[in-house]
Amino acid sequence: MKKILIPAFALFSICTSCNDSSTPATTGTTDTTASGNTEGQKNIAASDVVMNAFQTGDVSGLDSVIADDFIDHTDRGDKKGKDSLKAMVKFVHENFKDMKTDKVRDVADGDYVYTWVTYSGTSDGSMGMPKGPYKISMIELAKFRDGKAVEHWSFMDSQDMAKMMPPPAPNKK
378 MKKILIPAFA LFSICTSCND SSTPATTGTT DTTASGNTEG QKNIAASDVV MNAFQTGDVS
438 GLDSVIADDF IDHTDRGDKK GKDSLKAMVK FVHENFKDMK TDKVRDVADG DYVYTWVTYS
498 GTSDGSMGMP KGPYKISMIE LAKFRDGKAV EHWSFMDSQD MAKMMPPPAP NKK
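In our numbering, the protein residues as written are 378 to 550.
Just so you know, the hints here were simulated from the structure itself, not pulled from any lab data.
For glycine and all other residues, C-beta sits at the position ideal for the given N, C-alpha and C.
Straight-line C-alpha distance at most 30 Å; calculated DSS-like pairs for lysine-lysine:
id	residue 1	residue 2
1	LYS456	LYS520
2	LYS457	LYS467
3	LYS525	LYS463
4	LYS512	LYS459
5	LYS459	LYS525
6	LYS467	LYS512
7	LYS456	LYS467
8	LYS457	LYS474
9	LYS477	LYS457
10	LYS508	LYS540
11	LYS474	LYS419
12	LYS540	LYS477
13	LYS477	LYS459
14	LYS456	LYS540
15	LYS540	LYS474
16	LYS467	LYS540
17	LYS549	LYS508
18	LYS459	LYS474
19	LYS512	LYS477
Now the in silico label distances, taken between C-beta atoms and shown as ranges:
id	residue 1	residue 2	range
20	LYS477	PRO547	32 to 40 Å
21	GLY524	LYS549	53 to 61 Å
22	VAL481	PRO547	35 to 43 Å
23	ASN548	GLY438	49 to 57 Å
24	GLN418	LYS477	21 to 29 Å
25	ASP486	LYS549	47 to 55 Å
Produce the entire structure from the sequences given, and follow the hints as far as they go.
Shown next, in the form of C-alpha cells:
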C-alpha cells in the first residue's frame, strides 16, 4: 500500500495548495521568516504553480519552476528530472479525480519551503489505499535554487498512515 500511496503523494505536493483549480486556499497562512521575504515569497509562489499542475493536470507551467536536475526523494528511491514529475502529475490527476487539498500553513526559510497540507477524497481501493473516504495530513518540504525546486521530501502523519494499513494478521500461537 505504501509503495503506491507515498510516491503518489510525494510528487503530488512539492507545493502549497488550492481548494479548487482556480482559487488559492484562503484557510492557510504563509510565513516567510528568515528568508529575506522576497525570495521566500517567490519560492512559495513557485510551489503554488506545482500544486496548480496537480489540480488541473496541466504541466505546462512546471518548466518555469522546476530545475532540470530536480530530485524527489521517495520511499522507492530518488525520482529524477522534470519528466518524472510531469508523469506523476498526470498519474495523480487521473487516479485521484476528487482529491482536494487544504494548505494549513507554509513557511519559507532560506532555500526551503515547508508546507503542511491535508489531502482528502475517496479511494476506489485500487491504488493501495482502502476503499472509501480518506484524509491525510502531510508536511511537504521543497528546496529551491534560483527560484526553482531542486529537491522534494514528503512526511505523512503516522496516525493517518496507520489508518490506511491493513489490520495485523492474527497471532498464531
